[in-house]
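Read top to bottom, the protein sequences are chains A and B.
Residue numbering for the first sequence follows the numbering used here, starting at 1 and increasing by one per position.
Residue numbering for the second sequence follows the numbering used here, starting at 1 and increasing by one per position.
Be aware that a few hints might be false.
[Claimed, not checked] Mimicking SDA-like on lysine to any residue, the simulated pairs with C-alpha atoms at most 25 Å apart in a straight line are: (1) Lys357(A) <-> Arg180(B); (2) Lys127(B) <-> His115(B); (3) Lys158(B) <-> Glu266(B); (4) Lys158(B) <-> Met255(B); (5) Lys220(A) <-> Tyr303(B); (6) Lys251(A) <-> Leu299(B); (7) Lys357(A) <-> Lys208(B); (8) Lys276(A) <-> Phe149(A).
The set of hints was computed from the structure by calculation and includes no laboratory data.
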Amino acid sequence: MADTPIATINFKEEAHRLLPEGASFEACLTCGLCSSGCPASGIENMDPRKFIRMAELGMDAELSTTPWVWCCTQCKRCHHVCPMNIDISQLVFLARSNWPEDKKPQGIVRSCQMILATDSTSAMGLPPADFVFVVEDVLQEVRATQPAFKDLQAPMDQQGAHFFVNQNSREPMSEPDEMVPLWKILHLVGADWTYSSTGWAAENFCMFSGNEEAWYEVIKKRVDAVNGLGCQVWLNTECGHSYYTMWQGIKHFGLTADFRLESLITYYARWIREGKLPVNCRWNTKGIKFTVQDPCMIVRKAFGESIAEDMRFVVRTLVGEENFIDMQPNRSANYCCGGGGGFLQAGMTEHRRTYGKRKFDQIAATGAAYVLTPCHNCHSQMEDIGHFYGGNYGVVHFWTLICLSLGILGENERTYLGPDLLALID
Amino acid sequence: MKDEPRNFTTKLAIIGSGIAGFAASIFAVNRHIATAQIGNTGAVAYTTGYLDLLGKMDAATDAVTDPWQALEELRKKQPNHPLSRVPVADIHRGFAEFTAFLGECGIAYSDPGDHNITALTPVGTLKKTLCVPATMAVGPRAFAARMVCVIVDFIGLKGFSGREVVANLRDRWPELSSQRIAFPDMPHGELYPEVMARALEVPATREKLAEALKGAAGPAKIIGLPAILGMHCPDHVRAEMERLTGLEIFEIPTMPPSVPGIRLRELFEQVLPKRGVTLIPQQKVTALTFDDNGATLCLSDSYGPIRVQAQAVILATGRFLSGGLEAHPQGIREHLLDLPVTQPADRDLWYRERYTDPRGHAIHRAGIEVDGAFRPLRRDGQPYNAGLFAAGIILAHQDWIRGRSGAGIAIATAFRAVAEAERFIIARA
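Bound conformation, chain B alone:
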């Protein structure tokens, strides 16, 4: 009994299964490029569901209200920032295409608008973001109008507290209050949002919860819940809950593991194969080589070895959590090809003294360099390979955490990388 390698041949291979990897697959599918995507579980499940473009320019400026104008400023102040290297029109197109795809597949999003939305965080603070899931859209509107609203949380649910949300917002939203109730048919132990969300896909559970919510609402006509309104058809679940309660209902993201992130991951994993993508999830590429015929990716799943042959490759392997970058005593390394990583000269310079320093940390701006076509560069400044492209937060010169720009960098650079990969594939043909 031998493990025979399984072989796949494709035009484009995408390595990584974060937002950048999945966005690249979506853009490739929409352009009819034969695509394989491989990547470990990734950090998608940790997302709030909000799609940030640019929420903060730097420590010295306020939160960004108009991200499109801010992008122009970013271009002047930080020309090497990945968002400065993508035309604004492409960023807009990328966001519109990405959110439209999600909507077609069952998770409706707000369109990318002219201004950032002021959205609620899991702890009741506020942040700027560009697009929010439809299940969350009422929250920012209710906050803006200071409407009478009750935040409901649940006995046994950790990671989301209505009282905390209210305490942090009370001075700006006096009509906000909180209630704690029991979730139907889950009388004991710790509750997880994932479990509650799946239970709410059962009509009988919705009916029981609706009764409890009507009691908790009091005079309020709007209720905020932790993000638990279903997993694979959240808009339907929310509509049903509103029908059953006669209330307007919105979700607030929870701390990880959060439902909006799991929703996105499960959507990608189910929809992309139906659209023709060869998706190999939960696996890491262990070797990537190039020759005259293109690229060869090697990996193994539980069943045995797999080999993928591709003409072009997009590297969207993320940073430390996802394994794209590795921190060693001697410095930071790119995991797969040992690409040169722009980084502080010394490990002592990685972090400032206070972790919460609003100026951020030098290590967060480390990453790989790319040329104008988003091709990773070797130490001599030349592209590593004409068919290799990169996207997402593995790129240097950005701090997506402080910049509130993780999804923006992922979507914008994936859009460009796919465009360049398509050009390369066509030219090669």
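Just chain A, with the same shape it has in the complex:
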């Protein structure tokens, strides 16, 4: 068992250093809106208000060692609802950084180590050559078995392509057929895109592990890959935290990025509006109900309401206005699912499910049969809490439903469809 001591942070002093001028943790009214709205409240006998009060009282040893900092997903909902604009997640990041590597939850640490281990920056350790092989292999199979896509492309290291498309490692590593719907969409809209054999992976647990050096190294590798190919847009696919860690990393470390960072969701909406993705809801003849999960990392913490609105436009178009039921609360006020911040990787299963109960209640209140979300951590967490709490819903990617609507979803691309949706295809 590791026995490296955890150093004690002077939180009050650090807070003064971290906060912008005019902001102050001392402004806390102790009203409790943060704790009331935090799914991590009560776990490890801690909550955001208590964290701030303890910092104010100088209880630094307790705060420096509380495992709660690994249960807080740094979703910033506490900040969002705080009338005094107090951002507690900064102190949580500080506390995480302060833990010795051997005391941190090893799942997060290992994920970060894997990311650093190859030029892919893949948390599952998939090396560049294997990624190239898997993409080519799947591509050839699709061309051979789906005549409508005999000319499908999955460009690799295409110099000067408009879009540099990232990919969560889960697809090439565990479910490679899930890459195909995305390729089909890019093919249909005539996108000028490329994968890169380096820096292609989306996930980034180094930031969540509180390891700034590692976070920098990952982002640098990805920025170099995009700059090297001369792409104009780094297109973040259906992965929430990849966007946030890249965007914040570039700003935090002052990196030169000769490209824009954008989300695939924005483009789904744009391509539908432009008629390039002629999706509709006529397939939903049974009136199957859907809801949508707003990933914290791209909604509350990044793009805000504009991407939330784009997401709803896409969902409504895909499933029908009357078949879309919004979760409450939603958009920037939405709750984190409990899969973010490295919680899924941390191995704290009981705590993670306690956290996820609020998300489960949100989903259950909608009565929806499916949750759509453009985030792999949200996806996995919502599936897990659904099984654990006895839910009766499925979780699907946007790309799956887009291709379903277009009638181009291949047989191997239907993993996340329940019998009700499969029946509509067959």
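Place chain B on chain A using the hints.
Frame of chain A; chain B shown alone:
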């Protein structure tokens, strides 16, 4: 990678996201004025849900029973009070329009009536208010008729005690008693009303709680609960709970953070964008400037800088908590434009010795001055800008706390400010 400013152009910009700001947006939307609203989280989440017009005139008089008559008296005694500067008919119209909007959007309210309602507070004291949410309406009626009633609270819930409510009301409501029960599926730790309310949007939770309530009710046919009956469809949740229990159920506000306030905030944040308002919540305007083309508002959200161009602006930035006013050693300042603030001559005069002094404190009457069109005034007594208006408790010459008049001032002055802003925008066109 650069942060490109996002630009919005609108007719009316409302700064502030308290009741005054949201009321102004509602009135503007109903008048088809293109509107943007920007404001920090604000104090809406702290409200009880009651909409007070005028509950207390001054320390020397009793609680107000007829607020409309009291407004006439206020006009004579305190002509500079913001409520004295809005025609009574406009105040009535403002309340009716505001509560009707809330009802259309899913939170039904009682209509503004001829008299104040005697409503229950979180600690079992009584207060006068004009409009109450439908989920709370049975409570005042049950109190008035002294009906057999049980106040139910929950293990682990702080900030609401059935025993306390009963202790404070027992001499006036002998048939009142209390019971404490466990909330379904929340066996450990501190409970928050917000969490309970959201859990009650799940039918299975309602069914479990209904069973527990039937056991707690005993012979009573009416049950009072802390305000936890759902977050975004409270009337439906209450109706379902009544159906499942066969009891009449009402809510009592809790101490902050309270569900009725969060309900209102989430309703505003969801409904107003659907009605066409460009809503930028959780952000503070950092600069406001005027030129011949109108006003420019600068702010930043987590994604980067934002600029809003507007023809007219309503300042509804609130007081100290919301940041509209700032207290400095040298005095009180208006945060955004450094507008002159009417205030005690000396800091020593801000407070009386006892905080609970019923006469209130001079600092609570500090605020900005406006003309008859609710335009903030410069030090020379002239309007700061023809297109700048103000509403809410940033205005001087009122003590909304002692007067039980926070919502009244917010709604009434927002009604007037929007009317004047509309006139200005039309004239400019």
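Going through the hints against the structure:
no.: 1; hint: Lys357(A) <-> Arg180(B); result: 24 Å, holds
no.: 2; hint: Lys127(B) <-> His115(B); result: 13 Å, holds
no.: 3; hint: Lys158(B) <-> Glu266(B); result: 23 Å, holds
no.: 4; hint: Lys158(B) <-> Met255(B); result: 9 Å, holds
no.: 5; hint: Lys220(A) <-> Tyr303(B); result: 21 Å, holds
no.: 6; hint: Lys251(A) <-> Leu299(B); result: 19 Å, holds
no.: 7; hint: Lys357(A) <-> Lys208(B); result: 17 Å, holds
no.: 8; hint: Lys276(A) <-> Phe149(A); result: 17 Å, holds
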